[in-house]
Each structure stands twice: as structure tokens, then as C-alpha cells.
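So the sequence lines, in the order shown, correspond to chains R and E.
Mapping the first sequence onto the working numbering, position 83 (from 1) lands on 83, and the numbers just tick up by one.
Converting from the second sequence to the working numbering requires adding 1000 to each position, the first position being numbered 1.
These are computed hints drawn from the structure, not numbers from a lab.
One or more hints might be untrue.
As the list claims (entries may be wrong) - List time: in silico DSBU-like cross-link candidates among lysine-lysine, alpha-carbon distance up to 30 Å: (1) R:K166 - R:K95; (2) R:K95 - R:K7; (3) E:K1217 - E:K1166; (4) R:K166 - E:K1217; (5) E:K1166 - E:K1088; (6) R:K221 - E:K1217; (7) R:K166 - E:K1221; (8) R:K88 - R:K216; (9) R:K166 - R:K7; (10) E:K1166 - R:K217; (11) E:K1095 - E:K1007; (12) E:K1007 - E:K1221.
To be verified - Simulated coverage check for chain E against chain R, where a stretch passes if three residues somewhere in it have a Cβ under 8 Å from a Cβ of chain R: (13) 1016-1028; (14) 1127-1133; (15) 1183-1190; (16) 1206-1213; (17) 1219-1225; (18) 1246-1257.
Each residue gets a CB set at the ideal place from its N, CA and C atoms; glycine is no exception.
Protein chains: 2
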Amino acid sequence: MTSTDSKPLFERMALIGAGLIGSSLARVVRRDGLAGHIAVAARSQATLDTMTDLGLADSATLDAAEAVRDADLIVLCTPLGTYEAIAKTIASALKPGAIVSDVGSCKESMFTDVAPHLPDGVHMVPGHPVAGTEHSGPEAGFAELFDGRWCILTPVPDTDQDAVDKVADLWRQCGMDVEIMDAAHHDQVLALTSHLPHLIAYTIVGTATDLEDDLKKEVFKYSASGFRDFTRIAASDPVMWRDILIKNSSAVLDVLGRFTEDLTSLQRAIRRGEAGTLEDHFTRTRAIRRGVIDAKQD
Amino acid sequence: MTSTDSKPLFERMALIGAGLIGSSLARVVRRDGLAGHIAVAARSQATLDTMTDLGLADSATLDAAEAVRDADLIVLCTPLGTYEAIAKTIASALKPGAIVSDVGSCKESMFTDVAPHLPDGVHMVPGHPVAGTEHSGPEAGFAELFDGRWCILTPVPDTDQDAVDKVADLWRQCGMDVEIMDAAHHDQVLALTSHLPHLIAYTIVGTATDLEDDLKKEVFKYSASGFRDFTRIAASDPVMWRDILIKNSSAVLDVLGRFTEDLTSLQRAIRRGEAGTLEDHFTRTRAIRRGVIDAKQD
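Only chain R is shown next, with the shape it has when bound in the complex:
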């Protein structure tokens, strides 16, 4: 679909925040003419200038309320910790029938931090495009980021179906497969598949940071033996991940509890030299890899 041969999906789309995800979305919207006008709001003038220079913003402002005025789609692309303040700022500027969505990794946040501030007649369709890299900022974005990945939407059952369909259409245009899920369930699944792995990678890389200097140098040198994968994950945006772990703390602490129980039991097996316990455990995990490959996520 392009704006020249048919009506765009949205007349005016407002992006609040333009980092890796926001700028990647803007690239697809621009490429395929999915919005008549892209309004970008960001905290820093530098981000706005970059988006304008990249040709991804028809208007750019430091004032989120100004960006959302007359927009039929608003997408929050900022760290979860900013949601409540943004919701308060934009609430009175939203037009009736506008759709408010987001791209955050914890979906309950939309219900606790955003929904209470939205006026009647505005539709909330929380979204999570499950895609990313360890890079951040508007220059790190690219239109193919979403291709072949999942996008999870977590509207409540009585959400306006047209609004849900339009947001789903937007992500399908980005090349994503769209799933509808309960927000709490989403947060539980992602706590294990994403939030816990990031927390652990951040932890082990931090443990290395605290080593004496000569040992640390060797840790870099021989990182190809496993550690390297963790350093890549632990290079992700610190503020984004700080907010995810705090906003989804309940689900994260639950899976973290399970993980540390399992780790303690393996630690005990190592200390006691229980070869059979270790081998059994490590054999079971091989099957999981097969499951991941079968699910075409590799």
C-alpha cells in the first residue's frame, strides 16, 4: 500500500520517542506510505534533528501534546518509566477515536500507567514487536528489523475491533506475524524468554567487570568460548532494561526464583561431584534447542 494509489492507513501518526524501534517503524511507514503525516516527539532536540535529517519526520517537537494533536494513531516508543508522565501530558490533546499504542516489553504498564489517564472515546491497543538489536538510538533503526518476527497485541476483549485491526495491519506491513494475547500472560512469557536472559547476561558481564585488571583483559581475549554471547545481550540500552525489570518485577522475580533454585541444585551437584545429575540435566536441555529450531526462531 502506498499513499499515491490508496488512502494511507493513518492520516497522522505520532511517534513519541524515536530510538531503535521508533525510528525503524518510521522507516517502514515512510517506505510504504502508511501515514499521511509522521509527527515525532522526543526528549532531545538532537533526536528530532536526526529524524528530520533522515526524512522520517514531517513535524518534530519536544512537546508530546503537540505531536498527538489530530493524530489518529499514537505510538509510545519510549522506556516504560516514561509512560505515566507522557499519558498525563497527551491526554487532553487526544482527539476522539484516536488509537494509543506502544512497543514496550511489559504490557501491564499500559493498563496501570497509561489507561487511567486516557479520555473516553480513545482506543488503547498495547503492542510489543518482539524484535531488537543491542544497538540504540534513531540511527540504529532499519526497516527490516521486524521482518519475520512476532508482534504481540494485548487489547482487552471489549476494545474496538477496528482499532485492533488497524494496529495489526501496521505491524503486518512491517513483515510481522501478529498474535493477540492477555497482557499478564505476555509479561509472564517474556519474563522468561527475554527479561531473565537479559538480567543474567547483565549480571555475569558485571561479575567480569569487577575482576582484577589482568584477569579482565584475558576474559576479553578468550570470550569466544561462551562469554561473548552474554556481552552482546548486556550491551542493550540500560534505561530501557532498567524500566522493563522494574515494571515487570513481579513476573521477573517469579522466574528468577525458579532459576536460582535450579542453579543452586546444579551448584550442589557440582560440589558433590554428582555426574549423573549434571548429565541428566544437560541432556534434557538439548531437546529444548530442537524445539526452538522447530519453532523457526533460529
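Given the structure of chain R, go ahead and fit chain E onto it with the hints provided.
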């Protein structure tokens, strides 16, 4: 160097074990004519048949003592837990001046499990080519596996220099950069860069295995968000890793202790909503990634 235009590095090389590493080494030795004869010993006839079919074994036997007879280089390519039994089996068949080496991930094992059984006049040069994939078995090998990676040798200071040089030459022919290091220091460095990451990956993937079936299916589906990297690591050979963690338990338990302290402190910060603690920690780890990239390990 090829066998046609000069004397091979070794007249007879005995590989004890022919999995990913052993068969990859055999491929390089064959390709470059580094040994006049490759004798392969393995536990299973199937492995021997595969090595013979691949043209990588000039002789193949289930009896390690037979393989090492008259060999000037013996390389143990089996899980660490087999070292002591193999050392006892081959000791009396070793010829004077023979070099005994290995490819194991814990280097103290050679001193505790192998050295006490070797006759006088035999040179021990422990080695660790820091390379691998999550695949195993003789078919999984390939000659380029070692290219551009590190090989760490851990001879004691009074080891015969010619023996050390010949083993170093072998790995350089494989494309590796060779480092000499103290065995205990090696085990400490690898505990952090390799053994702990594997243990953690095995643990978290195991935690997922214990989930209810419907949740588990979704964990596969959305694994691209971080979990996927862990499943790849956790698909490594269970017996090999069982032995590494048990043989290097002292260094592994030490770094595991540091890791769990750090994890507990981050867990506490999440539970108490201490945003600053998390952000500070996550910001520090970004610098480490830069160190890894500078060390050209990515």
C-alpha cells in the same frame, strides 16, 4: 607443509577420541600432511567407521594402547572424565620421547589424572584449542573450526622445549594463535569466560523445560528475544560439560559464588524498585562489550 615436499611434523599421530575437535584436527592434519600416519582410537565402532569413511584414519581401533604404540604424538580428544583410565591404558605402550597432549577445557586434569601414570621420558604438553560449536560427533568437524582462535598450552616450565614447539606448530598450522599459560590460571579464566556461561545457559533452559506445556510452547515461539542464544549454548555435549564442571569445580564454584552474589544484589534492587542501582550496573556492562570488540573476539 605437505608430506610430499618435506618430512611431516609427526610420523605417527594417535587421536584418542574423534568428536567435533578430534575430527576437525584430523581434517587439518590430513589436508596439510602433518602426520605420516593417523591412528584413531574410539569407544565405539561407529565412530571408527565414520573416521575411516571420511578418510581421516589410517588405522582405527577400539584399543587406545594399540593406537599409541610407536606414535610420536598422542592427543586426547575425549571428555575429561575418561583421562585417568586412558592414561592407565596407554602408559606402558608409549614410546620414549612421545608427546602426550590433549584438547580439554580444564587443564589441571592433565596434571592430576594423566601425569602420574606417564612413564619417564614421555613429554606432557596440555593444550586447549578455544574453539567449538554446539554440535558434536565426527561428522560435525570441519578444518576451519580453529581458524583465528586461541590455543592455550599449559606445560610446566621444565617441559622439553622441542615438544612444546611441535605442539605449538601443530595448532598454528590449524590457524590458531598459541599462548603459553599456567594451568591453574587457565582454569580460572575459562571458568568465567566459558564454564559459568555454559552452566547458566543449561540452567535457564532447564528452568524453561519445567514449565507447563502451553507456556513452554510459547517460550520457543518468542525465543528470539534473548532466550535463543542460551538454547544454542545449552545444546552443547552433555557428557563433555558434565566433566568440565566437575573437573574444574573449584574455579567454577568460585566464580559462581561471585555471580550469585551479584545476581542477588540486582534481585534486591528490582524488588525494591531501585532504578539507579540497575541503571548504573547496566551502563557499566556496555563498556565490557566494547572491550570484547576491541579484543577482536566478535
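Structure-based check of all given hints:
A C-alpha spacing of about 17 Å is found between K166 (chain R) and K95 (chain R), which places the hinted pair at or below 30 Å, so the restraint holds. Of the pairs offered as hints, the one joining K95 (chain R) and K7 (chain R) holds, with about 20 Å between alpha carbons and a cut-off of 30 Å not exceeded. Taking the CA atoms of K1217 (chain E) and K1166 (chain E), the gap is near 51 Å; set against the 30 Å cutoff, the hint is violated. For the suggested pair K166 (chain R) and K1217 (chain E), the alpha carbons sit about 28 Å apart, so the restraint of at most 30 Å is met.
Between K1166 (chain E) and K1088 (chain E), the direct Cα distance comes to roughly 24 Å. Compliance with the 30 Å bound is thereby established for this hinted pair. In summary, the hint linking K221 (chain R) to K1217 (chain E) is not supported, as the alpha carbons are separated by about 37 Å, beyond the 30 Å threshold. Taken as a hint, the K166 (chain R) and K1221 (chain E) pair is honoured in the structure, with Cα atoms around 24 Å apart against an allowance of 30 Å. Taking the CA atoms of K88 (chain R) and K216 (chain R), the gap is near 46 Å; set against the 30 Å cutoff, the hint is violated.
Between K166 (chain R) and K7 (chain R) the alpha-carbon distance is near 13 Å, which keeps this suggested pair within the 30 Å criterion. The straight-line distance between the Cα atoms of K1166 (chain E) and K217 (chain R) is roughly 28 Å, inside the 30 Å bound, and the hint therefore holds. A distance of roughly 20 Å separates the Cα atoms of K1095 (chain E) and K1007 (chain E); the hinted pair therefore holds under the 30 Å criterion. Between K1007 (chain E) and K1221 (chain E) the CA atoms are separated by roughly 55 Å; this puts the pair beyond 30 Å, and the hint is violated.
Here's how the region 1016-1028 of chain E fares: 0 of its residues keep a CB closer than 8 Å to some CB of chain R, so the rule of at least three is not met and the hint is violated. Counting residues of the region 1127-1133 of chain E whose beta carbon lies closer than 8 Å to any beta carbon of chain R gives 3, which meets the minimum of three for the stated coverage. Counting residues of the region 1183-1190 of chain E whose C-beta lies closer than 8 Å to any C-beta of chain R gives 3; at least three are required, and the coverage claim holds. Counting residues of the region 1206-1213 of chain E whose CB lies closer than 8 Å to any CB of chain R gives 6, so the stated coverage by that chain holds, three being the minimum.
Only when three residues or more bring their CB closer than 8 Å to a CB of chain R does the claim for the region 1219-1225 of chain E stand; here the count is 7, and the claim holds. As drawn, the region 1246-1257 of chain E meets chain R at 6 residues by the rule of a beta-carbon pair under 8 Å; at three or more, the given contact holds.
The structure shown violates the earlier hints numbered 3, 6, 8, 12 and 13.
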